[in-house]
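Given these sequences and hints, build the entire structure.
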Amino acid sequence: EFRSATAVTSFAPGEGLPGRVWSGREPEWIADVASDQNFPRGKWPKGIEVKSALGFPIMSEDRVIAVIEFFSEAAVEPDFDLLLTLRAIGQQVGRVFERRHAEEALREHATSLEIEIDERKRAQAHQKLLLAEVDHRVKNMLAVVTAIASQTARNSDTIDTFSQNFLARLHALSGAHSLLTERNWKATSLSDLVDKVLSPYLMLDSQLDIGGPIVWLQPKAALSVSMVMHELLTNAAKY
Numbered sequence: 489e490f491r492s493a494t495a496v497t498s499f500a501p502g503e504g505l506p507g508r509v510w511s512g513r514e515p516e517w518i519a520d521v522a523s524d525q526n527f528p529r530g531k532w533p534k535g536i537e538v539k540s541a542l543g544f545p546i547m548s549e550d551r552v553i554a555v556i557e558f559f560s561e562a563a564v565e566p567d568f569d570l571l572l573t574l575r576a577i578g579q580q581v582g583r584v585f586e587r588r589h590a591e592e593a594l595r596e597h598a599t600s601l602e603i604e605i606d607e608r609k610r611a612q613a614h615q616k617l618l619l620a621e622v623d624h625r626v627k628n629m630l631a632v633v634t635a636i637a638s639q640t641a642r643n644s645d646t647i648d649t650f651s652q653n654f655l656a657r658l659h660a661l662s663g664a665h666s667l668l669t670e671r672n673w674k675a676t677s678l679s680d681l682v683d684k685v686l687s688p689y690l691m692l693d694s695q696l697d698i699g700g701p702i703v704w705l706q707p708k709a710a711l712s713v714s715m716v717m718h719e720l721l722t723n724a725a726k727y
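Note that the numbering used here has the sequence shown beginning at 489, numbered continuously upward.
Hints in this document: simulated from the structure, not taken from any laboratory.
Treat the hints with care, since some could be wrong.
[Unchecked claim] Here are the simulated EDC-like cross-link-like pairs (lysine to aspartate or glutamate), alpha carbons at most 20 Å apart as the crow flies:
{"hint": "1", "residue 1": "708", "residue 2": "683"}
{"hint": "2", "residue 1": "539", "residue 2": "520"}
{"hint": "3", "residue 1": "609", "residue 2": "592"}
{"hint": "4", "residue 1": "684", "residue 2": "645"}
{"hint": "5", "residue 1": "708", "residue 2": "623"}
{"hint": "6", "residue 1": "539", "residue 2": "561"}
{"hint": "7", "residue 1": "684", "residue 2": "670"}
{"hint": "8", "residue 1": "539", "residue 2": "565"}
{"hint": "9", "residue 1": "539", "residue 2": "592"}
{"hint": "10", "residue 1": "684", "residue 2": "697"}
{"hint": "11", "residue 1": "708", "residue 2": "670"}
From a predicted model like this one, the values you see are computed outputs, not experimental measurements.
Dropping the structure here:
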């Protein structure tokens, strides 16, 4: 009954045996709980069967984290050597809690570091992938521009003709690139590509008839098709 009642009783700092140990931060020994003025449990209506009580603190990081109580059915006078031993035990037990807390903190820190390292690795891998993609696209673009320049030069009699045709082809290539960039370099529809390439020839709208099924082109195919359409339209408009 005493144990059950204790389990549901709260003690303020300085109140009762646990409150005294909590406030004083030192072991406490009560030889006769019945005559002690600060032992509320000794005044219960049904009385108690214990005669003496002993309590000592568990200290961690210079604060009380727990109070351990012992009780005796016989009256026992204080044993000061035992009190000193219990003080040392309370400090040692507290250090166990401190080490456990430090180990948990280290584990949490290690976990955080692992997460941060993984995130950095993913970011670096993503950056490497982007750089490789940019390098690939730039090389492809330079190859395309070189091919356009070579083809234009073979079919141009004068510098003015070369300049005019070369710039027109670059403009067509730029338009296709703009369209692909808007689509985030994903598949684009043939109809959108046709509209883009036809935009300089809108004054011929009465002579244009556009129709057909929906066709999706991958970026590489879209660039090739745009150049083919540019050549066809240029020749058609010229002749």
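Outcome of the hint check:
In summary, the hint linking residue 708 to residue 683 is supported, as the alpha carbons are separated by about 18 Å, within the 20 Å threshold. Between residue 539 and residue 520 the alpha-carbon distance is near 5 Å, which keeps this suggested pair within the 20 Å criterion. Distance restraint check for residue 609 and residue 592: the Cα-Cα separation of roughly 25 Å exceeds the 20 Å cut-off, and the hinted pair is therefore not satisfied. Among the hinted pairs, residue 684 with residue 645 is inconsistent with the structure: their alpha-carbon atoms are about 29 Å apart, more than 20 Å.
With a C-alpha separation of about 15 Å, the suggested pairing of residue 708 with residue 623 holds against the 20 Å cut-off. Restraint check for residue 539 and residue 561: satisfied, since their Cα atoms lie roughly 5 Å apart, inside the 20 Å limit. This hinted pair checks out: residue 684 and residue 670 have alpha carbons roughly 12 Å apart, not beyond 20 Å. Annotation: proposed proximity of residue 539 to residue 565 holds, straight-line Cα distance about 11 Å (limit 20 Å).
Between residue 539 and residue 592 the CA atoms are separated by roughly 42 Å; this puts the pair beyond 20 Å, and the hint is violated. For the given pair, residue 684 sits about 15 Å from residue 697 by alpha-carbon distance, which is consistent with the 20 Å threshold. Between the alpha carbons of residue 708 and residue 670 the distance comes to roughly 15 Å, so the proposed pair stays at or under 20 Å and holds.
The structure does not agree with the numbered hints 3, 4 and 9 stated previously, though it agrees with the rest.
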